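Visitor: In the order they appear, the protein sequences are chains A and B.
Be aware that the first sequence starts at 1, since it is given in our numbering, and climbs by one per residue.
Be aware that the second sequence starts at 366, since it is given in our numbering, and climbs by one per residue.
Everything labelled a hint here was simulated from the structure, so no lab data went into it.
Model, not experiment: these values are computed from the prediction.
Hints are supplied without guarantee of correctness; some may be wrong.
These stretches of chain B come out as covered by chain A in the derived footprint (C-beta under 8 Å, 3 or more residues) [unchecked claim]: (1) 446-453; (2) 458-464; (3) 470-476; (4) 592-602.
We put the CB at the ideal spot given by N, CA and C, even for glycine.
Each chain is listed here by its residues.
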Amino acid sequence: MRIHFKTSYENDIRLFPDRWSFFVYAALVAGAIILPWLLDDFFLGEVTNVLIWAIAGLGLMLLTGQTGQASLGHAAFLALGCYSCIILMEHGVPFLLAFPLAGVITGIFGTLFAIPAVRLHGIYLAIATMALSILADDIIVMLAPWTDGVSGKFAPTITIFGLEIERWTTPDRFYWLVLVVTILCTLAYRNLLRAPLGRAFAAVRDSEVSATAMGVHIAFTKAAAFGLSCAITGLAGALMGFYAGAFNNETFSVVISISLLMMIVIGGLGSIHGAFFGAIIIAFLPQALSMASDTIGGLLGANNVAIPGLETGVFGAILILFIMFEPMGIYGRWLKIRTWFELFPFARKDMFKRQKSYLKTERLR
Amino acid sequence: MDVLQLLVSGLANGCVYGLIALGFVLIYKATEAVNFAQGDLMMLGAFVTLGLTNAEYVGLPFWVAAPLSIALMALIGYLLDLLILRHLSGQSQTSVVILTIAMGFVLRFVAGAIWGHEPQTLHSPLALGDFQVAGVVLGMADMAVIVVTFLLTLFLYQFFQRTRLGLAMQAASQNQMAAYYMGIPVKRVQGMIWGLSGAVAAVAGILFASKGAIDPNAGLLGIKAFAAAVIGGFGSLPGALAGGLIVGVIEPFASRYLAAGYSQVAPYALLLFVLVFRPHGLFSQVRTKKV
Numbered sequence: 001m002r003i004h005f006k007t008s009y010e011n012d013i014r015l016f017p018d019r020w021s022f023f024v025y026a027a028l029v030a031g032a033i034i035l036p037w038l039l040d041d042f043f044l045g046e047v048t049n050v051l052i053w054a055i056a057g058l059g060l061m062l063l064t065g066q067t068g069q070a071s072l073g074h075a076a077f078l079a080l081g082c083y084s085c086i087i088l089m090e091h092g093v094p095f096l097l098a099f100p101l102a103g104v105i106t107g108i109f110g111t112l113f114a115i116p117a118v119r120l121h122g123i124y125l126a127i128a129t130m131a132l133s134i135l136a137d138d139i140i141v142m143l144a145p146w147t148d149g150v151s152g153k154f155a156p157t158i159t160i161f162g163l164e165i166e167r168w169t170t171p172d173r174f175y176w177l178v179l180v181v182t183i184l185c186t187l188a189y190r191n192l193l194r195a196p197l198g199r200a201f202a203a204v205r206d207s208e209v210s211a212t213a214m215g216v217h218i219a220f221t222k223a224a225a226f227g228l229s230c231a232i233t234g235l236a237g238a239l240m241g242f243y244a245g246a247f248n249n250e251t252f253s254v255v256i257s258i259s260l261l262m263m264i265v266i267g268g269l270g271s272i273h274g275a276f277f278g279a280i281i282i283a284f285l286p287q288a289l290s291m292a293s294d295t296i297g298g299l300l301g302a303n304n305v306a307i308p309g310l311e312t313g314v315f316g317a318i319l320i321l322f323i324m325f326e327p328m329g330i331y332g333r334w335l336k337i338r339t340w341f342e343l344f345p346f347a348r349k350d351m352f353k354r355q356k357s358y359l360k361t362e363r364l365r
Numbered sequence: 366m367d368v369l370q371l372l373v374s375g376l377a378n379g380c381v382y383g384l385i386a387l388g389f390v391l392i393y394k395a396t397e398a399v400n401f402a403q404g405d406l407m408m409l410g411a412f413v414t415l416g417l418t419n420a421e422y423v424g425l426p427f428w429v430a431a432p433l434s435i436a437l438m439a440l441i442g443y444l445l446d447l448l449i450l451r452h453l454s455g456q457s458q459t460s461v462v463i464l465t466i467a468m469g470f471v472l473r474f475v476a477g478a479i480w481g482h483e484p485q486t487l488h489s490p491l492a493l494g495d496f497q498v499a500g501v502v503l504g505m506a507d508m509a510v511i512v513v514t515f516l517l518t519l520f521l522y523q524f525f526q527r528t529r530l531g532l533a534m535q536a537a538s539q540n541q542m543a544a545y546y547m548g549i550p551v552k553r554v555q556g557m558i559w560g561l562s563g564a565v566a567a568v569a570g571i572l573f574a575s576k577g578a579i580d581p582n583a584g585l586l587g588i589k590a591f592a593a594a595v596i597g598g599f600g601s602l603p604g605a606l607a608g609g610l611i612v613g614v615i616e617p618f619a620s621r622y623l624a625a626g627y628s629q630v631a632p633y634a635l636l637l638f639v640l641v642f643r644p645h646g647l648f649s650q651v652r653t654k655k656v
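This is chain A alone, in the form it adopts within the complex (with noise of 0.2 Å):
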């Protein structure tokens, strides 16, 4: 077991507690770095697409993980980072800056979104972010002239420095883009979490009114919360309008927000680990389950059994199973396991176990 010896604060706030984690992670961006030399491109695309998952997830754990509020309306932000990002590009703005800016639109109308939406509370906030999902789809079908509408649009290749990327022709240097936006990502959202404003997230997940008697703007904060994640998200979003290569209004629906939340909530909520861990889940779920359904198929001697809505059931039934018995997601299950191991043979069952809550009503706060 490693024991932490803290003696001042830079000690506490260091973005790697020791030297082994700081060459585990090493380990893993140099095995990222070399991969398109080790998978063929099909499994090189689809590492892309849970890259890209993650970054999106990123930005809804700082809002649903970090900051407590959920949000059912992410597809939206995903949409508006997309289509920002692709018709600058169509209006001759180079990606390296029309990519940034996009993020920054993003989060720009988040702020604004949240701005009413800050006085709402828990399930309140839900239904109304997932309105905005809905209503974000006949948005872009209102606004035509600009988004194509039903159409939709196709992503334009892009060029850095004369250096042309695109998602087929060149899968190996859309990855590496995808994975120098995660890396970045997943540094600022670290580094925030450290920030005055990551401790006062956290503070108005835990009480809004603890946190109010400790100082913390509760309104801004949670502004500050959906104008960040909505920023990444919307990174995300642009680069899933890449990956694609043609998209329109249904591509970013309320599904997609749905499985989303879910897939922060399997990987655990409240932890960078839990969006890589949840965007693996979404991602190779589909390719998992065509696979095992060929295969059975394949025994009973029947071709071709495709199963409507497989997908989505499976989709739910490990989501219950997970919310029942391992709330803390992939990545509780990973903490537990770990412990296990370093505090072998003394780790005890009781040491993860739940405080016994009850419920109060928030009608009447």
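On the provided structure of chain A, position chain B as indicated by the hints.
Guide: Using the frame of chain A, we list chain B on its own:
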């Protein structure tokens, strides 16, 4: 005449939204959680009735099948609470929200696996015929929906106000621990409310199926019922019905008088509008916080 016709069809649709919203409100009143799967429960109730009634499945007479499926859905609701939701007792609302969304996914998959994804119609005696009053065409199904909804709302309202069980349910939601101290079997009460809302969902499903074809995605109607529940304010039964009627009436008028493309936006725009200006609904129950 045109206006009156739109009003009647809007009221009938609104009653279905109101019935689903009643299910939300029931569960919210007793467990302080929102059941995002209520629309899917309604869909399941409709399919259970269809499975019992239609000749190609079981083929029971409608008036036998309807009470049977209401009882069956009450059992399913109780079992959902017993097997799944009871594990989350006392946990945050957000996890219940996510759990019920996942339950909706599973219910939709199950219904699709059993009854297929093609739209089907219920052979319901309510669906037969329509009559004319003063130039307005009234469908039998529409009238049945309106009458049953009003009776059910009245009954549930009285139930919560007058009976011991109804009061126990309200107490259990307001302060779980205090309710335990008062000798209320909180968990069993919550199971009962889930059963009750399953039965309400079955009624909504039967009425909805009498008005037209159903398929496993019919549960997505639940999203409009949210608008209804929010506009009325979660926690108020008459509010839920009023909200449902408002949403139901706005829809046909919006599609009649607004440009195409803007009309389906109307209920959600209204929802956001209400949330911004009266965050706890028109029939709000929230009082200021005491520390």
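Visitor: Take the hints in turn and mark each one as holding or not.
Guide: These are the hints, each one checked on the structure:
Beta-carbon proximity to chain A at under 8 Å applies to 3 residues in the segment 446-453 of chain B; the threshold of 3 is reached and the given coverage holds. With 6 residues carrying a beta carbon less than 8 Å from a beta carbon of chain A, the segment 458-464 of chain B meets the three-residue requirement, and the given coverage holds. Remark: the segment 470-476 of chain B is confirmed as covered by chain A, as 5 of its residues place a Cβ nearer than 8 Å to a Cβ of that chain, reaching the required three. Remark: the segment 592-602 of chain B is confirmed as covered by chain A, as 4 of its residues place a Cβ nearer than 8 Å to a Cβ of that chain, reaching the required three.
The structure is consistent with each of the numbered hints, conforming to all of them.
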